[in-house]
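Top to bottom, those sequences are chains S and V. Everything in the first sequence is counted per my numbering, starting at 71 for the first residue and increasing by one. Everything in the second sequence is counted per my numbering, starting at 364 for the first residue and increasing by one.
Hints were generated in silico from the structure; no laboratory data involved. Some clues are possibly wrong.
As the list claims (entries may be wrong) - Pair ranges (Cβ atoms, derived):
#1 S316/S / S369/V: 55 to 65 Å
#2 K320/S / R373/V: 50 to 60 Å
#3 R373/V / D202/S: 20 to 30 Å
#4 P379/V / D135/S: 34 to 44 Å
#5 V367/V / K116/S: 28 to 38 Å
#6 P270/S / A441/V: 55 to 65 Å
#7 E398/V / D135/S: 45 to 55 Å
#8 A425/V / H267/S: 44 to 54 Å
#9 V421/V / G255/S: 47 to 57 Å
#10 K116/S / R392/V: 45 to 55 Å
#11 S308/S / V367/V: 49 to 59 Å
#12 D395/V / D337/S: 33 to 43 Å
From a predicted model like this one, the values you see are computed outputs, not experimental measurements. Each residue gets a CB set at the ideal place from its N, CA and C atoms; glycine is no exception.
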Amino acid sequence: MKDPYTILGVSKTATQDEIKNAYRSLAKKNHPDLNPGNKEREAKFKDAAQAYEQIGSPEARAKFDRGETEEAFAGGRGGPYYHEAKAGGDGGRYTYSYGGGGMDDDFFENLFRQSGAGGRGGGRREHGPGEDQLYQMEVEFRDAALGAEREIALPGGKKLQIKIPAGVESGARLRFKGQGGPGLGQGAAGDAFVEIHVRPSSQFTRKGRDVESEASITVYDALLGGEVEVPTLDGNISLKVPPGVSSGSKLRIRGKGIGSKTGERGDQLVALRIVMPKSIPPEMKQMLAEWKEKHPYSAKETK
Amino acid sequence: MKLVISEAARRAGLEPAHIERFILFSWVRPADDDELLLDECDLARCRLIYELQHEFGVNDAAVPVILDLVDQLHRLQAEALRR
Numbered sequence: 071m072k073d074p075y076t077i078l079g080v081s082k083t084a085t086q087d088e089i090k091n092a093y094r095s096l097a098k099k100n101h102p103d104l105n106p107g108n109k110e111r112e113a114k115f116k117d118a119a120q121a122y123e124q125i126g127s128p129e130a131r132a133k134f135d136r137g138e139t140e141e142a143f144a145g146g147r148g149g150p151y152y153h154e155a156k157a158g159g160d161g162g163r164y165t166y167s168y169g170g171g172g173m174d175d176d177f178f179e180n181l182f183r184q185s186g187a188g189g190r191g192g193g194r195r196e197h198g199p200g201e202d203q204l205y206q207m208e209v210e211f212r213d214a215a216l217g218a219e220r221e222i223a224l225p226g227g228k229k230l231q232i233k234i235p236a237g238v239e240s241g242a243r244l245r246f247k248g249q250g251g252p253g254l255g256q257g258a259a260g261d262a263f264v265e266i267h268v269r270p271s272s273q274f275t276r277k278g279r280d281v282e283s284e285a286s287i288t289v290y291d292a293l294l295g296g297e298v299e300v301p302t303l304d305g306n307i308s309l310k311v312p313p314g315v316s317s318g319s320k321l322r323i324r325g326k327g328i329g330s331k332t333g334e335r336g337d338q339l340v341a342l343r344i345v346m347p348k349s350i351p352p353e354m355k356q357m358l359a360e361w362k363e364k365h366p367y368s369a370k371e372t373k
Numbered sequence: 364m365k366l367v368i369s370e371a372a373r374r375a376g377l378e379p380a381h382i383e384r385f386i387l388f389s390w391v392r393p394a395d396d397d398e399l400l401l402d403e404c405d406l407a408r409c410r411l412i413y414e415l416q417h418e419f420g421v422n423d424a425a426v427p428v429i430l431d432l433v434d435q436l437h438r439l440q441a442e443a444l445r446r
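Taking the hints into account, I'd like the entire structure generated from these sequences.
Structure follows, in structure tokens:
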């Protein structure tokens, strides 16, 4: 291993500051990102880094001077150099911001545009993205289920067209790029976020992709079957009730549930509730009493 | 490979605040700009900026100038190699 003092070009009695300065000037000159592909300089850079590791701090230097040479630092840099990483692809982020031409008039223009006024010796200008802003929005149950378009006015008078996606749930945030606070200098504007709050419905509750609701039927409809009008997200429809249903029986209406981005919809489940007549006529009472004798059944078995 | 800022910082041996600052100044443009996820290239660029600042003593105003020159150097070299 070469002598670190020789590599850095300093004497054995050099101060820590002298060593640091010697290392910095070598590092600046030979940094692989400033000399991409130059193996000779890369080797020099690595030698200098290794030498600095050995004598750059008073503790390490004392160890080295005592002869305790550890096999110091084998490229402990934690990853490739920038130009190496970029060769693996940078999606054009750092490569094509110059219009792709050769070194022409744009060169300095780009240079100074990117570096702000500081490049021309003027005052320094800070650049930074604007702040993100969060807004709250209440949405009707039906609009959240099926999707809708709404407009909201932001403070400051700006209007935002909101496309509520079908099937959206409370707490979801929609992002509007560049609609937030203005950027600093040449920084981009921040984003606006709109948080959705779905208003509960008196008729419907949501269960995953399905909508649940209730319908009341007469005891005759329950026994004999019939039809009942039920509200759906698409308006009222007439629902066929099969004979012999119980309270709590659920009827499924396909395709009347919550919408989705793909256009598919869940189902609506209608729970039935049997409502007795307000008064029971004597004939009915007598008829049922006889009927009960002949055809008893247990309420526990029929569920 | 795309990393959140904290994980990227850990791998590069930097503080998350360093990386946040580099992004704020637009010196680093994360591979995933929406979620702020960094790829290997972003990471190496962060490390380069850190070295420029903390080992070479480059100030804030000069960092974008140097990055620009470095990027142009890389591009010109890549073009020269293709010919």
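Evaluated hints:
no., hint, verdict
1, S316/S / S369/V: 55 to 65 Å, "holds (57 Å)"
2, K320/S / R373/V: 50 to 60 Å, "holds (53 Å)"
3, R373/V / D202/S: 20 to 30 Å, "holds (25 Å)"
4, P379/V / D135/S: 34 to 44 Å, "holds (38 Å)"
5, V367/V / K116/S: 28 to 38 Å, "holds (31 Å)"
6, P270/S / A441/V: 55 to 65 Å, "holds (60 Å)"
7, E398/V / D135/S: 45 to 55 Å, "holds (50 Å)"
8, A425/V / H267/S: 44 to 54 Å, "holds (49 Å)"
9, V421/V / G255/S: 47 to 57 Å, "violated (20 Å)"
10, K116/S / R392/V: 45 to 55 Å, "violated (29 Å)"
11, S308/S / V367/V: 49 to 59 Å, "holds (54 Å)"
12, D395/V / D337/S: 33 to 43 Å, "holds (37 Å)"
The structure fails hints 9, 10 (numbered hints given earlier, in ascending order).
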